[in-house]
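Chains as they are written, first to last, in this note's numbering: chain A, 1 to 408; chain B, 1 to 408.
These aren't lab readings, by the way, just hints derived from the structure by calculation. Incorrect hints may appear among the rest.
[Said to hold, decoys possible] Taking lysine-lysine pairs in the PhoX-like style, the calculated list, with each CA pair at most 25 Å apart, reads:
(1) B/Lys343 to B/Lys254
(2) B/Lys3 to A/Lys48
(3) A/Lys48 to B/Lys343
[What the hints assert, rightly or not] Beta-carbon label-pair distances, calculated as ranges:
(4) A/Thr123 to B/Asp253: 56 to 64 Å
(5) B/Lys16 to A/Thr123: 30 to 38 Å
(6) B/Leu227 to A/Asp128: 30 to 38 Å
Please read all numbers here as calculations on a predicted model, not as lab measurements. Note that CB positions come from ideal geometry on N, CA and C, so glycine has one too.
Single-letter residue listing:
Protein chains: 2
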Amino acid sequence: MEKVDVISVGMTKFGKHPDKTGRDLVLEAFLETIKNVDKGINIKKEIKALFVGDFTPTLYEHQAHYGPLVTEWLGIQGIPAFRTESACASSSAALAAGYFAVASGMYDVVMVVGVEKMTTLDTSRTTDALSVAADDIFDLNTGITFPGLFALMAQEYFHKYGGNWEDLQTITIKNHYNGSLNPKAQFQESISSIARKTALKKGVSFKDDMDFLNSQFNPLVAYPLRLYDCAPISDGAAIAFLSNSKISKRFTDKPMHIIGFGMGTDTLALANRHDLTTSVAVINSVQSAYKMAGIWPEKIDIAQLHDCFSINEILLSEEVGFFKKGCGLAAAKEGRTSLNGDKPINTDGGLKSKGHPVGATGIAMMHEIWLQLRGEAGKRQIKQVPKIGLTCNVGGSSASSFVFILEI
Amino acid sequence: MEKVDVISVGMTKFGKHPDKTGRDLVLEAFLETIKNVDKGINIKKEIKALFVGDFTPTLYEHQAHYGPLVTEWLGIQGIPAFRTESACASSSAALAAGYFAVASGMYDVVMVVGVEKMTTLDTSRTTDALSVAADDIFDLNTGITFPGLFALMAQEYFHKYGGNWEDLQTITIKNHYNGSLNPKAQFQESISSIARKTALKKGVSFKDDMDFLNSQFNPLVAYPLRLYDCAPISDGAAIAFLSNSKISKRFTDKPMHIIGFGMGTDTLALANRHDLTTSVAVINSVQSAYKMAGIWPEKIDIAQLHDCFSINEILLSEEVGFFKKGCGLAAAKEGRTSLNGDKPINTDGGLKSKGHPVGATGIAMMHEIWLQLRGEAGKRQIKQVPKIGLTCNVGGSSASSFVFILEI
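Using the sequences and the accompanying hints, generate a full structural model.
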């Protein structure tokens, strides 16, 4: 099995891009990814195949068949390409396909693309488009959509392990703060700043962040989750170039090694789970990745965990082994997952603040690990430059999960 | 690079299945694939990952995230899984992902699924669902749909190399004859039989097959293509188990070796091609596959080529190197691609007669090669049992292409 490195990453700013189609976003990320190859790269000569993660372009853009679409648009038509889909983990599935392809020895260098252009639809049609990540027969027929599915997880977590909605706000406040330091984030604003602006605009006053988060400006979506517990709708693209380790040094002296990889599934229907606070998909993916890397959670210096809803960052922080089951909420409240904590999580603002263009999210997580491990994350750089990072990107209600462990 | 074998295949009958969802079709194919493992298999112990090709379940079934859907439905939840999409070649993309995964050494045995449940929509919505395989901006904005795109190819072919619609009927008549011998085919009827029944029902008479195909019962769809030049709308599923060659013998004494594989792309937009009678995607995939196999077209005893429209079987029979450019139509008329010709093509009836549940087609092609190479194809078995077979499965207007060369 060949070893595989990440030799460059790039991404667009996440957010609303009314002037750009999905393919335009991919082009923008592509140009940045080329620029980020330390020693340069001859694209037409080196890139041997392309894998595109994109969740529902069919509904958002009336467009599938994104493989040849992207190769044509980037001027590299001819090379092998196909699309992967695993709901919100679609680009981690593309990373997996690219990883297998390089690990097999079939191709030396491949490009992996993640993209989603979501702001073409109104809110109700977007909710519908996202809902196809759940089980149409057993989940959606009950009338539930994603905020409801994760709200059920939050309720069971509180019931089993204690804690309440107020505790969860640690995640919202932390991730908005981290996002305020990230020029690529959709919301580059702390909750304090949002509260201050809202106060000025509406002629009200807030005692503190919690007072704002408890107000009418943070309405209930699905009990106990409120608006600021939910990741936004976003447009964006992210790209990674993967290379056989044998030749990575041709492109950079600091390749990022994929030392662990795992994927797994759980029941698609939440109704069929025995315990809503855990996911077999996540457990299996995490265990496979640790086993391959030959390391344990103590060795991980930084992680990007799929906070589509605030509760999920807590659940995943326990599943990846950072904290014991039921202890994630307390650990977050103690600041252990903050930028300067011992287990920094979602240093780029997470899905909540950086944005969540579904198909681009998995690669964007890898993008942040890349910056942090290189010490190039700017204002949000962890002071003691981390050595090993982990991404955990899940699809739907954690029915699929993909984990990468990365080291420079 | 590990060598990879096919150790079993299975499929549903293709056609209308009003009583079955996509997942039901997958289950049916799964049970057959297990049964077809010569020495038996312990599924829960052996199957390490799953890849599902499915084109537009989002539109047909309001369902994506087919990876965990299938693992749950088959009772093997937990294992790694994701979906692949490359339009009508979606399950060949899944075969490619599975091939890489096994070739890398990551997994010893994987399952590859192809499925499409299409008959949920009426004809106009089905045409729309299929259209997302073309370029929404540069193709569809002109008002064209798939019969029109392939009609343009036919027109350019006739213009450049001669021939006309009458010549093309060789393909329709041949594939319906082959399909009449295939119990899994959607239309198990020769054109002569269809003509005879139509004559009885409508109180008309036909001199011969051509007289029927020239009648009002074969209406024009997009000049020069008529109804019987077009593959039908179908429901169906097909499955293949892939194994590392080192352990294939545990499952069968007659594993089918994947000795050649290639994939490629061309421009998604037909408008951007220099020549509508050729596809860079097909050429690149064919050349890669032959190069890997170290053999040439002369060595191929049987092929399944993507006849979504009659003209495409001709185009592909030239691209895979069986006949010189412009000579495919004449070769078909001479009977060289018939069951007892020297280059039998689409012995199972092809997409035209066997049916074309888009996401299942790539694996169904491999299913036919499996039967023929084992001498188990029943009434349509090629008399001198073939040794080497080839599949060429394309997406959309041949904007993506996947080729496998198989040997027992």
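Each hint, compared with the structure:
For the hint linking B/Lys343 to B/Lys254, the alpha-carbon distance of about 23 Å falls within 25 Å, and the restraint holds. At most 25 Å may separate the alpha-carbon atoms for a hinted pair to count; B/Lys3 and A/Lys48 meet this at roughly 20 Å. Distance restraint check for A/Lys48 and B/Lys343: the Cα-Cα separation of roughly 32 Å exceeds the 25 Å cut-off, and the hinted pair is therefore not satisfied. Between A/Thr123 and B/Asp253, the C-beta spacing of about 59 Å keeps the proposed range 56 to 64 Å intact.
For B/Lys16 and A/Thr123, the Cβ-Cβ distance of about 37 Å falls inside the hinted range of 30 to 38 Å, so the restraint holds. Distance hint for B/Leu227 and A/Asp128: a CB-CB separation of about 35 Å, consistent with the stated range 30 to 38 Å.
Comparing the model with each numbered hint stated earlier shows that hint 3 is the single one that does not hold.
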